[in-house]
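Each number in our numbering corresponds to the 1-based position in the sequence shown with 40 added.
What the hints contain is simulated information worked out from the structure, not anything from laboratory work. Mixed in with the good hints, there may be bad ones.
Simulated crosslink set (SDA-like; lysine to any residue; CA at most 25 Å straight-line) [claimed, not checked]:
| # | residue 1 | residue 2 |
| --- | --- | --- |
| 1 | K247 | L192 |
| 2 | K247 | P280 |
| 3 | K247 | R158 |
| 4 | K247 | P162 |
| 5 | K247 | S133 |
| 6 | K247 | Q178 |
| 7 | K247 | L140 |
| 8 | K247 | S223 |
| 9 | K247 | Y163 |
| 10 | K247 | Q267 |
| 11 | K247 | A273 |
| 12 | K247 | R229 |
| 13 | K247 | R131 |
| 14 | K247 | A262 |
| 15 | K247 | A177 |
| 16 | K247 | A197 |
| 17 | K247 | D219 |
| 18 | K247 | A227 |
| 19 | K247 | R159 |
| 20 | K247 | G268 |
| 21 | K247 | A279 |
| 22 | K247 | A237 |
| 23 | K247 | L275 |
| 24 | K247 | A172 |
| 25 | K247 | Q236 |
| 26 | K247 | A232 |
| 27 | K247 | M281 |
| 28 | K247 | E160 |
| 29 | K247 | E180 |
| 30 | K247 | A188 |
| 31 | K247 | P164 |
| 32 | K247 | P193 |
| 33 | K247 | T145 |
| 34 | K247 | G226 |
| 35 | K247 | H234 |
| 36 | K247 | R270 |
| 37 | K247 | A194 |
| 38 | K247 | A181 |
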Amino acid sequence: MDFSNRSRSKAGVWCSRLVCEGRPALVLALLLSSAHAQPQPPVDSMAWRVQACSACHGDQGRATPEGYFPRLAGKPADYLFRQMLNFRDGRRSHTQMRYLMAHLTDDYLREMAEHFARREVPYPPPLRPQAAAQVLAQGEALVRQGDAARALPACVACHGAAMTGALPAVPGLLGLSRDYLNSQLGAWRTGARHAQAPDCMAAIARKLSVPEVAAVSAWLAAQPVAQGGRPLAQLPGPAPMACAGMELR
Numbered sequence: 041m042d043f044s045n046r047s048r049s050k051a052g053v054w055c056s057r058l059v060c061e062g063r064p065a066l067v068l069a070l071l072l073s074s075a076h077a078q079p080q081p082p083v084d085s086m087a088w089r090v091q092a093c094s095a096c097h098g099d100q101g102r103a104t105p106e107g108y109f110p111r112l113a114g115k116p117a118d119y120l121f122r123q124m125l126n127f128r129d130g131r132r133s134h135t136q137m138r139y140l141m142a143h144l145t146d147d148y149l150r151e152m153a154e155h156f157a158r159r160e161v162p163y164p165p166p167l168r169p170q171a172a173a174q175v176l177a178q179g180e181a182l183v184r185q186g187d188a189a190r191a192l193p194a195c196v197a198c199h200g201a202a203m204t205g206a207l208p209a210v211p212g213l214l215g216l217s218r219d220y221l222n223s224q225l226g227a228w229r230t231g232a233r234h235a236q237a238p239d240c241m242a243a244i245a246r247k248l249s250v251p252e253v254a255a256v257s258a259w260l261a262a263q264p265v266a267q268g269g270r271p272l273a274q275l276p277g278p279a280p281m282a283c284a285g286m287e288l289r
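Could you put the whole structure together from the sequences, leaning on the hints where they help?
Below, the structure written as C-alpha cells:
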C-alpha cells in the first residue's frame, strides 16, 4: 500500500496548521527533534513519517517517566492500534491526538502501530517513590491482589505478574509517570475515557476511590521495568472480566 504522497502532504498540512493556530514553538520542537535524530531515517519511510510523534512521546517513542506522555515503543501493536482508533473516533479525548488521527485510515493506523511495536529501546530507571510507605503498600496490594470483597480484580490478572502486558492487546503498566497513570485511571472512573464494549477498565476504575487511584499510580510509577518491558506471548490464564481490549496504557 503506497502512502507516500498522502504522507508528505499530511505532514506539511499538520505543520502549517500548527503555525496558523499560533503554536510555532511546537513546530520548532518537531523540527529540532527531526534534525537531531541519529541516524536520519530514509525519507518517506514510516520512521520518517512518525518523527512528529517524538515531540510528545520522546525519541523513538520511549517517553521518560518524568513526562506526561506515555511510551509507544514495544507496546503491543493491537493495543496501539485500538488507542489510535479511540482517539480518531472520539472514545478518548485529546485535541491534538484526535486532530492528527482524524483523516488516517484503519490500514495506515495499523501500519503505524506495528512500526512502534517493533521498536526495542531500553526503559529509563523509575523515579523515586512519590508517596508515603503506607500509601505505596496499599497500591501494591491492589495491584497484586485486588479486593475480592468488591469483585475488584488484581491488575496482574490481566497485565501479567511482571506488569509488562500480554499479546495481542494488553499493555504494560510500568515505565509510566504517576501523573499519567492518575489521569487515565481518573478518566476511566469519571467516564471521560471510553473503549469499545465491553469496557472492563471503566467498570474496574469505578470501583476505586480517589485515594486508591493515587496509591496504585504511585506504586506502579516507582517500579523498575522487568524483562525489557516485553509483553507476554499470552496470559497464563483467562482474564477475570470480558473486555474489548485492555485499555490502560
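A quick look at each hint next to the structure:
no. : hint           : in the structure
1   : K247 with L192 : holds (7 Å)
2   : K247 with P280 : holds (15 Å)
3   : K247 with R158 : violated (35 Å)
4   : K247 with P162 : violated (34 Å)
5   : K247 with S133 : holds (22 Å)
6   : K247 with Q178 : holds (15 Å)
7   : K247 with L140 : violated (33 Å)
8   : K247 with S223 : holds (16 Å)
9   : K247 with Y163 : violated (31 Å)
10  : K247 with Q267 : violated (30 Å)
11  : K247 with A273 : violated (29 Å)
12  : K247 with R229 : holds (8 Å)
13  : K247 with R131 : holds (21 Å)
14  : K247 with A262 : holds (23 Å)
15  : K247 with A177 : holds (18 Å)
16  : K247 with A197 : holds (16 Å)
17  : K247 with D219 : holds (20 Å)
18  : K247 with A227 : holds (13 Å)
19  : K247 with R159 : violated (35 Å)
20  : K247 with G268 : violated (31 Å)
21  : K247 with A279 : holds (18 Å)
22  : K247 with A237 : holds (18 Å)
23  : K247 with L275 : holds (23 Å)
24  : K247 with A172 : holds (23 Å)
25  : K247 with Q236 : holds (19 Å)
26  : K247 with A232 : holds (15 Å)
27  : K247 with M281 : holds (14 Å)
28  : K247 with E160 : violated (35 Å)
29  : K247 with E180 : holds (16 Å)
30  : K247 with A188 : holds (12 Å)
31  : K247 with P164 : violated (32 Å)
32  : K247 with P193 : holds (10 Å)
33  : K247 with T145 : violated (35 Å)
34  : K247 with G226 : holds (11 Å)
35  : K247 with H234 : holds (16 Å)
36  : K247 with R270 : violated (29 Å)
37  : K247 with A194 : holds (12 Å)
38  : K247 with A181 : holds (15 Å)
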